[in-house]
Amino acid sequence: MRNSLIVALLGLMTIGAGSADAWAQGSERFRLGIFADAQSLDPIATSDNPSIWSQLLIYDTLIRPARDGTKLEPGLAESWTSNADGTEFVFKLRDAKFSDGTQVTVDDVIASLKRAQSDQSNWKRFFKPISRMEAVDARTVKIALDKPFTPLLNNLALFSAAILPAKQLQEKGASFFEKPIGSGPFMLKNWARGSKIELAANPNYWQKGKPSVKEVDIMVIGEDNSRVLQLQAGQIDAMINVPVNQIKSIASSGDITAKVAPVYRIDLVQLNTREKPLDNEKVRQALNYAIDKEGIIQGLLFGTGTPAVSSMPVMRYHNTALKPYPHDPEKAKALLKDAGLPDGFSMTMLVQSGDTTFQQVGAAIQANLQDVGVKTELQLIESGAQWDTTKSGKYQASLSYATSDTVDPDQLIGFTAVNPERADAFHTEWKSDRLNELYDKERVTADGPEREKMFQEMEQIVHDGSPFIFLYNKGATYAYRNNVEGFEVLPTSNWRLEDVVVK
Amino acid sequence: MIAGAGAARNPIDCDSMTLLLFLLRRIIQLIPALIGITIVAFLLLRVLPGDPASLLIGARGSEADVVMLRHQLGLDAPLWQQYLTFLGDVLNGSFGQSLVQRRPVALVIAERFSPTILLVVYATMLAVVITLPLATLSAVKRGSLIDLGIQAFFVAVMSMPTFWLGVLLILLFGIKVPLFPVAGYGQGFLDRLWHLFLPALVIALGTSALTIRSLRSSLIAVRSAEFVDTARSKGLSEGEVLRRHIMRNSLISTVSVLSVHTSWVIGGTVVIEAVFALPGMGNLLVTSVFSRDYPVVQGLTVVFALLVMLISVLTDLAYAAIDPRIRLQ
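Taken in order, these protein sequences are the chains called U and P. 401 is the number that our numbering gives to position 401 of the first sequence; each next residue is one higher, with no gaps. 153 is the number that our numbering gives to position 153 of the second sequence; each next residue is one higher, with no gaps.
Don't take every hint at face value.
27 Å max Cα-Cα, derived BS3-like pairs, lysine-lysine [said to hold, decoys possible]:
id	chain 1	residue 1	chain 2	residue 2
1	U	K124	U	K214
2	U	K147	U	K71
3	U	K282	U	K172
4	U	K503	P	K176
5	P	K176	U	K259
6	U	K375	U	K337
7	U	K248	P	K176
8	U	K124	U	K441
9	U	K276	U	K391
Rough simulated footprint, nothing fancy, chain U against chain P, three-plus residues with beta-carbon under 8 Å [claimed, not checked]:
id	stretch
10	54-62
11	67-74
12	96-102
13	105-114
14	287-294
No wet-lab data here; the hints were simulated from the structure. C-beta atoms are modelled at their ideal positions from N, C-alpha and C, and glycine is treated no differently.
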């Protein structure tokens, strides 16, 4: 028995040597390493990024964010118009087919959007303002609202507004998403859960000549270092989330390029304004002056971020006149003195456990605050528990972040600054009546300079009110082997693999 | 001491009734233990802060949306009712619906079952393959440079964290001398054995560090027993004495060590699965805990418990096979 095992082992080693060159093939297939598997391919039931990213490769939406994230561009709809007060939108569908060859119809659009606004949808709030949908003709659909709701167009560009084949969905029910069908550039070939999602080019894709690769494997490699090693070994062609301290070294071999993409993400410290002395605006501003953002970005993020001016990342309607709070400990001390706290105070800050960068940044903030007399105790907390703790209001400060799913700032301002709206200004309980008023107005004002002014004023109010310590906009890191062209992380954090070429 | 075990009849073959009764009794004993485990797993999850519904909806919905989702998922029912639902789901074999994937838990776990099992079995076999010759060599050449070398090597292995050892092996055999894939699970049985070699080796080295120690000291103790002298005086060759008398009588304690360690490894493959990107149950457990996917975590707890119990039954069978003086009762 022992002998046969040894023989088997030797056998294994030879097999190993034999198939070693089998991984080195290319051109037809693009292998991308990501950090977690998708949870589900049902667009109304998911909110984790791997699910969203996979869905965006398989399904189409009526309209979609342009590559640069500044505007919307045609998707399944080749054009659209709206009436003057923004209560009626008319979409003209292009001649597109699902991957099984059936035509994308107006009925599919209506059924998919109805599903997205139904009670089984986690995203219904984004589509609730739609009151009526009707087929004008075989290729034209009209979407009507009772009152204007400007963010709607952006919401229709969300993955959760994906257009699915209504009849098949109806027939198959939940099992449709085991082997879903869409009109996107790729179709699901096989899903080895926890391991990889294998996609094949959709032969019926409406963009002629795309995608250029025949197959895409999205490989799930949870460990950052393992992902880097696989890229170096050529077992994958590209990866996302390169550890920031390896951005330089990974590219040093000459056959790998590493990049940082600006994405809609803002890192901040939530300050619970229910608690003394954080209820005092001066104290919150003092904390902002106390932090050496540039130092943290250079020292801990290896330059992969930019200092933040507010709770909004740099995106559409950004207020470019605003400057980040400078690192000014003297000013911080003076403000604390004004607030009646010449000797500073003590507080506890929640920091997500299991994330090295968060823990390092937490320690840096602790040191910066110590310099102005604020003693901060770090309390490590698991990410799921962190959300519930801040939501319940039983905390003082919490190191966290927020991201935007859309290219319109409405989603993030609503989440981080409007109270109560969805989250009591990201659980800070901070409230500005003027900002709330602007938010209500912005949502019924058509896109243009007037709406831009409202957002810029809102950003100014958040900046001054400082319900957070504004830290930085952290970029998304990614890397690819040099035989890959056209792979990039978009501002919305996803990627368009139909443009990728593997040489 | 009674003379060795070599020529004895095998009690398993001769008395299948005893074996059957033994298995039946073990299964019956299992039931209360399993119920206890499900209660503990169920309650621990509910005590854990964090709520699946608000994690699913996150920043996208209001409190009202979260409340509605909690209701849809049945999380607003009283705890005893939720527990009974869970027990019912266990009995009908579905283990309930995953809150996140919205598919039957049995299916979710089944997809992740084989990498973990294959890894554990593979690692255990490798450990045996490593242990038997090295422990024997160590014992026979006690105090020699070889003995010291083997012991020093495994002390070093034991003191290294598994993820570190994993990354070292990847660097060595995946990148510098690319004999094995850096990570992944592969397709087809042989391809999987090839993919799993490094992770299995990492676990096997950790196991061997314990089993070599245990087997070496038993071998040394048994070598000086009187029945070994008797065997030698019968004229048996040294090799036969070693194989038939010394080894058999030394194995019992090593099998115990191996069994305890393997039970531990089953729950402890998490780190190795992460380093080598294996789609196993350890990985599933971690993601499910983070998303508070209660039914999946509960299901995995039951599966892990069953596996540990299975190992203990197999261990008892192994005892009986090695030493006929041990009876199955």
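Okay, the hints, checked on the actual structure:
1. Our distance criterion of 27 Å between C-alpha atoms is broken by U/K124 and U/K214, whose separation comes to about 35 Å.
2. For the hint linking U/K147 to U/K71, the alpha-carbon distance of about 23 Å falls within 27 Å, and the restraint holds.
3. Proximity of U/K282 to U/K172 is assessed by CA-CA distance (about 58 Å); at most 27 Å being required, the pair is judged violated.
4. The hinted pair formed by U/K503 and P/K176 meets the criterion: a straight-line CA distance of about 25 Å does not exceed 27 Å.
5. A threshold of 27 Å between alpha carbons decides the hint, and for P/K176 with U/K259 the separation of about 26 Å falls inside it, so the pair holds.
6. Pair hint U/K375 plus U/K337 holds up; C-alpha atoms about 15 Å apart against a cutoff of 27 Å.
7. With a C-alpha separation of about 20 Å, the suggested pair U/K248 and P/K176 falls inside the 27 Å cut-off, and the hint holds.
8. For the proposed pair U/K124 and U/K441, the alpha carbon gap of about 21 Å is at most 27 Å, so the pair holds.
9. The hinted pair formed by U/K276 and U/K391 meets the criterion: a straight-line CA distance of about 18 Å does not exceed 27 Å.
10. Counting residues of the stretch 54-62 of chain P whose CB lies closer than 8 Å to any CB of chain U gives 9, so the stated coverage by that chain holds, three being the minimum.
11. Only residues whose beta carbon comes within less than 8 Å of a beta carbon in chain U count, and the stretch 67-74 of chain P has 3; three or more means the coverage holds.
12. Coverage of the stretch 96-102 of chain P by chain U holds [criterion: at least 3 residues with CB-CB distance below 8 Å; count 3].
13. Beta-carbon proximity to chain U at under 8 Å applies to 3 residues in the stretch 105-114 of chain P; the threshold of 3 is reached and the given coverage holds.
14. For the stretch 287-294 of chain P, the proposed coverage by chain U is satisfied: 4 residues have a C-beta within less than 8 Å of a C-beta in that chain, meeting the threshold of three.
The structure fails hints 1 and 3 (numbered hints given earlier, in ascending order).
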